[in-house]
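Student: Working from the sequences, and respecting the hints, build out all of it.
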Amino acid sequence: MKVSIYRYNPETDREPYMQEYEVDTQGKDLMVLDVLALVKEQDPTLAYRRSCREGVCGSDGMNMNGKNGLACVTALSIVAPGVLEGKKALVIRPLPGLPVIRDLVVDMTMFYNQYEKVQPYLINDTPAPAIERLQSPEEREKLDGLYECILCACCSTSCPSFWWNPEKFLGPAALLQGYRFLADSRDTARDDRLSRLDDPFSLFRCRGIMNCVSVCPKGLNPTRAIGHIRDMLLERAI
Amino acid sequence: MVTSVTSFSRNGVSDWLVQRFSAILLGAYFIGLFGYLVCGAGVDYAAWHALMTSVPMKIINTLVILAIAAHAWVGLWTVTTDYLTRMTFGGAATGVRLAAQALLVLLLAGYVLWGLWMIWGA
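First to last, the protein sequences are chains B and A.
Numbering-wise, the working numbering puts 82 at position 82 of the first sequence, and it's gapless, one number per residue.
Numbering-wise, the working numbering puts 1110 at position 110 of the second sequence, and it's gapless, one number per residue.
I should point out that these hints are in silico values taken from the structure, not numbers from a laboratory.
No incorrect hints appear here.
Listed next, with one range per pair, are the computed distances between beta-carbon atoms:
1. A:Arg1086 to B:Pro120: 21 to 31 Å
2. B:Ala75 to A:Tyr1083: 30 to 40 Å
3. B:Gln119 to A:Tyr1083: 27 to 37 Å
4. B:Tyr112 to A:Gly1110: 39 to 49 Å
5. B:Thr12 to A:Gly1090: 19 to 29 Å
Heads up, incomplete: computed chain B residues facing chain A, CB under 8 Å, no partners named:
6. Trp164
7. Asn165
8. Phe204
None of the values given here were measured: they were computed from a predicted structure.
Even for Gly, the Cβ is constructed at its ideal location relative to N, Cα and C.
Tutor: If you want it as structure tokens, here you go:
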């Protein structure tokens, strides 16, 4: 099968280019990460991130045939139907919108800066109890669909609002985490958290196109979380 | 650098509300007007003139003109701060964005004044 991969080494290349490879998967419907490993055997200069290879660590987020996802849990037949039959090529690029360090490795600083802004940790200014801060099963249930985020950046880098204003729009991943703590019954900084989100950019630059939902490898729904935060802001304002 | 200084209210919640309420008003207005034209059998110039010169309709038309201007500004401000940035225009972005926003403000102000003149003028 044909594989076309984005290559760029800022130390030697004037500009990025696409490099073609021929890979033999022996007819197997491999995961894209396995295909990259086969390419790496041919060309050890290819750079990409990977770690757990089972969709837990979030290291190998990349753009495969136009759609962001984790290479380790994306099968060829899903991302590029017909690629095994030679009808089309597998096209792999780095996550869009972030500066490229080399090949498929992107600089995640902007993404982490936005994550840091939502204060992704529990804030509670009441005296600590002797054992632990308890939650009812109903209160705990509100965190389902929020805490599972692995910060792979597939969602934020598929969002045009994040592409255009990555310093000011927090992006779906950070907003999902923001809501994870807004929805936590043990957190007491709700008002301060909301005050940080009511400007025209941080949250309201979301136009609801839902690219984030369509690409999330964990099946999460940042658009819904953003909607919940918007409701909280409206409730507070009116 | 893109900032919120030129946004409608400098507050995301207010801008969002203005855009939604103006959209509801505009939607209701145009559906109502369309319904009047379709259902109001034999609408002639005299009936149309009488409708548009009645005080309640003048007030509604004024609100609609203002709603269009506010709605357009919130939307176009978003467009200019998305696309007219350093990413597309480099160092000239602030100047380009300011010029585009100034032009849009002048256009919208012109439309509002023109509309008010048509509604309330002699």
